[in-house]
Each structure stands twice: as structure tokens, then as C-alpha cells.
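Student: So the protein lines, in turn, are chains A and B. Just so you know, my numbering puts 140 at position 84 of the first sequence, and the rest follows in order with no gaps. Just so you know, my numbering puts 280 at position 40 of the second sequence, and the rest follows in order with no gaps.
Hints were generated in silico from the structure; no laboratory data involved. Note that the structure is a prediction, hence the values are computed from the model and not measured. Backbone N, C-alpha and C fix where the C-beta goes; we use that ideal spot for every residue, glycine too. One thing to keep in mind: the hints can contain errors.
Counterexamples of contact, computed for chain B against chain A with all Cβ distances above 10 Å [as the list claims (entries may be wrong)]:
(1) Glu244
(2) Ala248
(3) Val262
(4) Glu267
(5) Leu268
(6) Ala270
(7) Asp271
(8) Asp272
(9) Val273
(10) Glu274
(11) Asp309
(12) Ala312
(13) Ala315
(14) Arg316
Incomplete in silico selection of chain B near chain A, CB under 8 Å [unchecked claim]:
(15) Val257
(16) Gly259
(17) Ala287
(18) Thr298
Residue-level listing of the chains:
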Amino acid sequence: MTADLHWLPASPPDFAARLAAAEALPEADGWDALRALSRTRLDPARTGRLDRVVSRRFSGREPVRLALLGSSTLSHLAAGIRVGALRRDLRLTVFEAPYGQYREAIDGEGSDGKDLAAFRPDTVLLALDAADLLGPSDPDAVGDAAIAEALDRLRALWARARARHRCTIVQQTFLPTALPLMGGNEHRMPGSLAARTARLNAALREAAAEEGVDLLALDDAVLRHGLEAWHDPALWLRARQAVSPAAGPLYGDLVARLVGARLGRSAKALVLDLDDTLWGGTIGEDGLAGLTLGQGSAAGESFLALQAYARDLSRRGILLAVCSKNDPETARLPFAAHPDMLLRLSDFAAFTANWDDKATNLRRIAQELRLGLDALVFVDDNPFERALVREHLPMVAVPEVPEEPALVARCLADAGYFEAVALTDEDRSRAQAYARRIETGGVAPTDLAGTLAGLGMRLTGRPFDALGLPRIVQLVNKTNQFNLTTRRLREAEAAALIDDPDALTLQLRLTDRLGDEGVVAVAIGRPADRDLVIETWLMSCRVLGRRVEEGTLALLAAQAARRGADRLVGLYRPSDRNGMVADLYPRLGFIADGEGRWVLDLAGYAPPGDLPMVVDVV
Amino acid sequence: MTEEAALAELAPLFEEVFGEPVRLAPELTADDVEGWDSTRMIELVIAVEARFSIKLTTREVDGLGTVGDLAAIIARRAPR
Numbered sequence: 057m058t059a060d061l062h063w064l065p066a067s068p069p070d071f072a073a074r075l076a077a078a079e080a081l082p083e084a085d086g087w088d089a090l091r092a093l094s095r096t097r098l099d100p101a102r103t104g105r106l107d108r109v110v111s112r113r114f115s116g117r118e119p120v121r122l123a124l125l126g127s128s129t130l131s132h133l134a135a136g137i138r139v140g141a142l143r144r145d146l147r148l149t150v151f152e153a154p155y156g157q158y159r160e161a162i163d164g165e166g167s168d169g170k171d172l173a174a175f176r177p178d179t180v181l182l183a184l185d186a187a188d189l190l191g192p193s194d195p196d197a198v199g200d201a202a203i204a205e206a207l208d209r210l211r212a213l214w215a216r217a218r219a220r221h222r223c224t225i226v227q228q229t230f231l232p233t234a235l236p237l238m239g240g241n242e243h244r245m246p247g248s249l250a251a252r253t254a255r256l257n258a259a260l261r262e263a264a265a266e267e268g269v270d271l272l273a274l275d276d277a278v279l280r281h282g283l284e285a286w287h288d289p290a291l292w293l294r295a296r297q298a299v300s301p302a303a304g305p306l307y308g309d310l311v312a313r314l315v316g317a318r319l320g321r322s323a324k325a326l327v328l329d330l331d332d333t334l335w336g337g338t339i340g341e342d343g344l345a346g347l348t349l350g351q352g353s354a355a356g357e358s359f360l361a362l363q364a365y366a367r368d369l370s371r372r373g374i375l376l377a378v379c380s381k382n383d384p385e386t387a388r389l390p391f392a393a394h395p396d397m398l399l400r401l402s403d404f405a406a407f408t409a410n411w412d413d414k415a416t417n418l419r420r421i422a423q424e425l426r427l428g429l430d431a432l433v434f435v436d437d438n439p440f441e442r443a444l445v446r447e448h449l450p451m452v453a454v455p456e457v458p459e460e461p462a463l464v465a466r467c468l469a470d471a472g473y474f475e476a477v478a479l480t481d482e483d484r485s486r487a488q489a490y491a492r493r494i495e496t497g498g499v500a501p502t503d504l505a506g507t508l509a510g511l512g513m514r515l516t517g518r519p520f521d522a523l524g525l526p527r528i529v530q531l532v533n534k535t536n537q538f539n540l541t542t543r544r545l546r547e548a549e550a551a552a553l554i555d556d557p558d559a560l561t562l563q564l565r566l567t568d569r570l571g572d573e574g575v576v577a578v579a580i581g582r583p584a585d586r587d588l589v590i591e592t593w594l595m596s597c598r599v600l601g602r603r604v605e606e607g608t609l610a611l612l613a614a615q616a617a618r619r620g621a622d623r624l625v626g627l628y629r630p631s632d633r634n635g636m637v638a639d640l641y642p643r644l645g646f647i648a649d650g651e652g653r654w655v656l657d658l659a660g661y662a663p664p665g666d667l668p669m670v671v672d673v674v
Numbered sequence: 241m242t243e244e245a246a247l248a249e250l251a252p253l254f255e256e257v258f259g260e261p262v263r264l265a266p267e268l269t270a271d272d273v274e275g276w277d278s279t280r281m282i283e284l285v286i287a288v289e290a291r292f293s294i295k296l297t298t299r300e301v302d303g304l305g306t307v308g309d310l311a312a313i314i315a316r317r318a319p320r
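Using the sequences and the accompanying hints, generate a full structural model.
Tutor: Okay, here's the thing in C-alpha cells:
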């Protein structure tokens with residue numbers, strides 16, 4: 057694995073021509089064109105070329121000032137930092153001290169110290185090496201006093217830097233380059249530099265939090281990409297480069313994230329496509345039952361990985377929004393009715409589903425959330441949509457997400473769009489605040505109850521008849537999910553039920569102001585003493601989330617009562633597909649009778665007062 | 241791979257690193273090319289290693305005197 061900028065789209069083949077063209081443009085346009093190039097997957101050479109043009113062309117612009125101080129060679133990292141800043145629309149200049157002279161630079165000893173004071177750094181980045189701070193491995197050492205001493209020296213250094221330069225301090229965590237002397241139980245050798253590096257990195261977290269110092273967590277980056285991607289022992293010996301130049305563009309981006317986070321440049325909202333992004337399949341074509349989502353298949357779970365990551369991000373203050381090409385009702389259906397969805401409508405601060413182009417919709421979302429377009433990250437599996445948004449809204453971050461859905465969340469995490477240096481109570485409650493705003497302010501009609509109430513639904517029950525037979529048989533035999541007993545029915549059996557005076561049969565048709573959904577549910581009951589036993593009950597998943605099951609129960613109860621039954625008795629026979637109705641009967645108010653059946657006393661039953669539909673029997 | 245072929249394949253890498261075409265010849269040295277400093281040298285080595293899927297050793301890098309030396313290493317080490 058290489059430490060590259062894999063979430064960015066490939067650098068263009070005509071890079072050189074674009075670079076030259078950008079340099080020739082007037083100031084503002086030139087900056088925008090160079091920033092656009094910075095948002096491509098640049099290798100070290102192109103990073104250097106872009107940096108040279110920016111430094112030449114925009115030397116006059118008031119910059120953010122960063123001092124790059126450390127104990128190894130660092131000059132090869134400055135270009136990546138400047139380009140990382142450009143990626144965040146920041147012009148940044150880097151102060152470099154002579155090799156190894158970080159203390160002198162901070163303390164103002166000699167000419168370099170004066171230089172740093174004159175530079176007036178906004179940020180000092182301390183890129184130190186474990187061997188420099190801790191010395192070599194010491195086989196005779198006992199205890200870990202060395203760690204405490206090293207931390208004391210670091211704290212003193214931070215205090216001096218802050219007192220003299222009044223700047224933000226970023227401490228790079230220590231690259232674990234020391235070789236183990238024992239192996240997996242290295243920590244049992246207190247004087248091992250490898251063990252001390254690990255311990256120092258752990259202790260650094262607490263110390264930095266106490267002192268208000270931000271960390272550049274290179275040790276975490278090494279976990280991600282492997283030590284080879286970050287450190288080359290040959291280059292260390294040749295040029296004292298602790299960080300390999302090949303990792304320079306990513307190193308620069310990691311630094312620029314921290315600088316940007318302190319300046320409010322981190323993204324604030326995650327905008328998600330739906331079909332083949334949040335779930336597998338197309339809800340408008342495949343229907344609820346045809347979606348790939350959730351437990352039971354690796355593909356289904358891989359979509360949940362992104363949902364889980366998005367939900368966790370929202371809990372720490374990142375707003376979520378939907379931007380989907382769909383009918384609005386269709387797009388909302390899985391959130392309301394798919395049992396495996398982790399994300400709920402209430403998790404979203406904005407929900408845009410229509411047939412307009414996505415650039416237009418992203419503008420609307422930004423407006424609705426009162427955010428700049430540069431605060432949005434847009435995730436879409438479709439390369440066309442990504443390209444369209446990048447072209448029309450270059451300030452929106454659009455990661456080049458992998459085709460493998462299991463890797464999309466990882467890609468977002470690697471891109472570091474949401475880098476934060478602190479977590480506040482406001483962050484934790486932000487998503488809820490937006491959700492409340494939607495409920496009360498009604499910015500968008502995301503509230504499902506209101507939507508349903510406005511649909512003008514009518515559910516009409518009719519006994520089985522010859523005309524309805526083909527559809528009844530089809531529905532009974534192909535419905536797997538919302539199906540309480542999964543009893544199949546041959547056409548002759550269904551026909552026999554038409555003339556069976558004992559059987560209570562219902563085919564249920566749903567209409568609304570948008571049209572006729574046709575027969576969407578079927579129920580068959582049989583009397584047993586004073587009970588009416590529901591042998592078959594099933595419903596098309598197309599109408600999940602519209603409370604049709606409650607309407608169906610209202611009709612069943614009325615029919616049963618008319619036939620003189622005292623109770624409705626429901627059966628649930630689990631299959632490998634019908635888990636979504638395992639709790640249907642208790643949800644509808646049925647009581648377990650202790651023998652695996654569910655019982656509803658008709659004397660105590662009344663249809664819900666807020667049922668958003670008219671129900672009748674013809 | 242011959243040294244001539246390696247030299248030909250180096251041309252786009254030099255253009256990529258220096259931002260403009262460089263007339264390559266076996267006897268060319270860093271002193272002959274404006275802007276060929278230690279930073280460009282590092283970028284060049286990275287580009288060569290990525291392009292030919294090889295890792296140059298410290299001894300090879302230290303021993304580089306001319307573009308011809310680099311082409312010779314590539315000719316010897318590059319797969320195919």
C-alpha cells in the first residue's frame with residue numbers, strides 16, 4: 057500500500073498545459089485553476105511543479121505561516137504542505153530552520169531565532185525523531201523514567217514556543233522506525249527504543265491534550281499504510297529524511313488538514329446518494345424487496361458499513377444530507393420501511409430527492425443548511441454524477457470512491473475531509489438540532505406522517521373473485537418478506553375459496569391521489585369456535601411504510617366481528633425471508649397466548665384514530 | 241532492455257519532473273541541467289522506481305554520475 061492521495065481523481069494527462077494556462081490567468085481565476093489542479097492525485101514531482109508555480113505567482117497574497125521545525129531533513133516536505141493548503145483554498149508559507157536546529161529557532165538564539173520571530177508563525181510544527189529525543193536503546197535501563205523525562209522536555213519546548221511566538225503548536229507523533237530487539241514482547245525491555253517509542257506515543261496523547269497541542273499522528277498513518285510507505289532506511293542514511301519523499305504529498309495533506317481545521321476549513325456536511333451508495337440496487341426499479349442491504353449477505357452488509365460510518369459522523373457533529381435522483385416518496389421508503397436500514401430520516405438535516413441535476417440540488421442543500429458549498433462532501437457511486445458536480449461545483453469535495461462498497465467509508469476516512477481538533481457538546485447535539493428544525497420548521501416535507509396524510513389513500517377490501525384470481529395467486533406465491541405464514545396457493549385452491557362459505561377472504565386494493573396501486577395485500581381467515589384464525593396474511597413490499605397493515609387489520613377485525621367472532625388469532629411461521637414481520641402481531645396489539653399464537657380481543661379493539669387512509673369493504 | 245531503450249523511456253519522466261522536455265544524452269550530468277538539484281534528484285529517483293517497479297540501492301544512487309549511468313541501471317534491473 058502506498059501513501060498516496062487515492063481519494064482524489066487522477067491528475068489530468070495535460071497537467072503541464074493546464075499548469076501553464078493557470079499561471080497566465082488573472083489573479084483570482086489563476087488561483088482557482090491551480091486549486092483545481094491541487095484537488096487531483098498528484099505524485100511528488102507534480103506536487104513540486106504545482107508548488108513552484110503557486111509560489112511564483114502568488115507571493116503577494118497574505119498567507120498562513122507555518123514553521124517546519126525538527127531533527128531530520130524536512131525541506132522535501134514543504135511543497136506538499138503548501139499544496140495541501142492550496143487544496144483547502146489557503147495560501148501557506150513555510151519557514152524552514154537549518155537542519156536539526158529546532159530549539160535554536162524557537163528560543164531565538166542566533167540568526168535563525170530572530171528569523172522565526174520575524175516570520176511570525178501562526179503554527180509551529182515539531183517533527184522530531186524518537187532517537188533524537190530518547191537516545192539509542194539502552195539494555196541496562198530499568199523503569200520508564202526516560203519517557204517522563206522526554207515528555208518534560210517536550211512540554212518545556214511547547215511552553216517556550218507558545219510564550220515566544222504565540223502560535224498553535226502541532227507535535228508530530230514519533231515514527232516507529234526503531235527495530236525490535238526482543239520481538240512481540242518488546243515492552244518487557246524498558247530500554248528498547250522501539251518499546252520507548254510506542255510508550256512515548258501513547259503518553260503524548262494525554263500530554264498534548266492537557267497542553268492544548270494538536271497532534272500530527274504519523275504513527276496512526278503508519279498503521280494504515282505500513283512503515284515502508286512512510287520511511288525508507290536508505291534515505292534516512294543518505295539524506296536524513298525520516299519521512300520518505302514518496303509520502304510527501306500525503307504528509308502535506310495531513311498537515312494542511314490540521315491547519316485547515318483550526319481555520320474552520322474542514323467540511324461540515326456529508327451528502328449521500330442513495331441507489332448503489334447507501335444500499336445496493338435501485339429502489340425505483342427493484343422495489344424494497346429487491347434491495348441489497350443488511351445482514352445476510354456480504355454485499356448487503358458492506359452498504360451498512362457506510363451507513364454506520366455516516367451515522368457515527370453525525371453523532372459527532374457532521375450533518376447528513378441526501379441527494380438522489382428519485383421520486384421523493386420512493387426515496388424515503390427504505391428509511392421508513394426497510395428493517396435493515398441503520399440510517400433513519402431523522403438522521404438527515406436535508407433530504408433532496410427529485411429529478412433535477414445534482415449540482416442544482418447540492419446548491420439547494422447548502423442553502424438549506426446555511427453552509428458554503430466548500431463545506432459539503434458528496435458521495436456518489438456514479439462516475440458521471442461525480443464528474444458533473446466537480447465540473448459545475450469545484451468547491452464541493454467529491455471523493456473518487458472505490459467500486460467496492462465495503463471500502464467507501466474507509467475512503468472517506470482516509471480523505472480526512474472532516475478533520476477536527478476538538479469535540480464540543482454542540483457538535484454532539486448538532487444533528488438532533490437540525491432534525492428538530494425540520495420537524496418544527498418544516499423546511500422540507502421529510503416528516504412521513506404528514507406525507508402519508510396528504511396522500512389521500514383508500515384501502516378497499518373485496519372477497520376473492522374470479523376476476524382477481526390471477527393477481528391473488530401471483531401475490532400469494534411470490535411474496536416472501538411481508539408474509540406471516542408463507543403458505544402458497546395453487547390457482548384451483550384459490551378458486552375453491554371463492555365458493556367456501558366458511559373462509560373469510562380479502563384482496564386489498566390501495567389507491568391514492570397519485571394513482572391505483574392495484575391489489576397489494578391478501579388475507580385468508582377461518583373460523584374456529586369463537587375465533588377467526590388468520591391463516592394467510594401477506595403484503596407487497598412496494599407499499600411498506602404506508603400503514604397498509606393497520607388498515608388491513610381494521611378490515612379483518614370488522615369482517616370477523618360481523619361473522620360473530622370474539623377474537624382474531626394470528627400465526628407467525630418464520631421462514632428465512634420473513635423476519636420483517638416477526639413482531640407484526642405484537643406491534644398491532646395482539647397478545648401471545650402461550651401456545652405460539654397471537655390473540656386480539658375484538659371487544660377491546662378500535663382502528664387507530666390517525667390511520668391515514670379510508671378503509672372499506674365492497 | 242537496452243540502454244538506448246531505457247534512455248528513451250526516461251525522457252517523459254524527466255519532462256514530468258522538470259516541467260519541460262530535457263534533451264537526454266548518456267553523458268548528461270546534473271550540472272548541465274538548470275534546476276537539477278537534490279530535490280529534483282529525489283523526485284527523479286521516485287519516478288524511476290515507480291515507473292520501472294524497481295528499488296534503487298543506496299550504492300546505485302551514490303554512484304550516479306550521468307544520465308547514462310541511470311539508463312544502464314534500468315537496462316540491467318527493469319523487468320522484461
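Student: So, for every hint listed, does it hold in this structure?
Tutor: The hints, checked one at a time:
Every CB of chain A lies more than 10 Å from the CB of glutamate 244 of chain B, the least distance being 24 Å, so the non-interface label holds. Non-interface call for alanine 248 of chain B relative to chain A: holds, since the shortest CB-CB distance, roughly 19 Å, exceeds 10 Å. Listed as outside the interface, valine 262 of chain B is consistent with that label: its C-beta sits roughly 13 Å from the nearest C-beta of chain A, beyond the 10 Å cut-off. Non-interface status of glutamate 267 of chain B relative to chain A is upheld: no Cβ of that chain comes within 10 Å, the nearest being about 24 Å off.
Taking the minimum C-beta to C-beta distance to chain A, about 18 Å, the non-interface status of leucine 268 of chain B holds against the 10 Å cut. Non-interface call for alanine 270 of chain B relative to chain A: holds, since the shortest CB-CB distance, roughly 15 Å, exceeds 10 Å. With a closest Cβ-Cβ approach of about 19 Å to chain A, aspartate 271 of chain B is found to remain outside the 10 Å limit, as its non-interface label requires. Every C-beta of chain A lies more than 10 Å from that of aspartate 272 of chain B, the closest at about 19 Å, which supports listing it as non-interface.
Under the 10 Å C-beta cut-off, the non-interface status given to valine 273 of chain B relative to chain A holds; the minimum distance is some 15 Å. No beta-carbon of chain A comes within 10 Å of the beta-carbon of glutamate 274 of chain B; the shortest separation is about 13 Å. Every CB of chain A is more than 10 Å from the CB of aspartate 309 of chain B (nearest about 16 Å), matching its label as outside the interface. At the 10 Å boundary, the C-beta of alanine 312 of chain B stays outside the reach of chain A, the nearest C-beta of that chain being 20 Å off.
In this structure alanine 315 of chain B is separated from chain A by more than 10 Å, as the shortest Cβ-Cβ distance comes to about 22 Å. Every Cβ of chain A is farther than 10 Å from the Cβ of arginine 316 of chain B; the closest lies at roughly 19 Å, confirming the non-interface assignment. Of the supplied interface hints, the one on valine 257 of chain B holds, with its beta-carbon coming within about 5 Å of a beta-carbon of chain A, less than 8 Å. Taking 8 Å as the C-beta cut-off, the interface hint given for glycine 259 of chain B holds, the closest approach to chain A being about 5 Å.
The closest approach between the C-beta of alanine 287 of chain B and any C-beta of chain A is roughly 6 Å, which is under the 8 Å cut-off, so the hint is satisfied. At its closest, the beta carbon of threonine 298 of chain B sits 5 Å from a beta carbon of chain A; the interface hint therefore holds under the 8 Å criterion.
When held up to the earlier numbered hints, the structure conflicts with none and fits them all.
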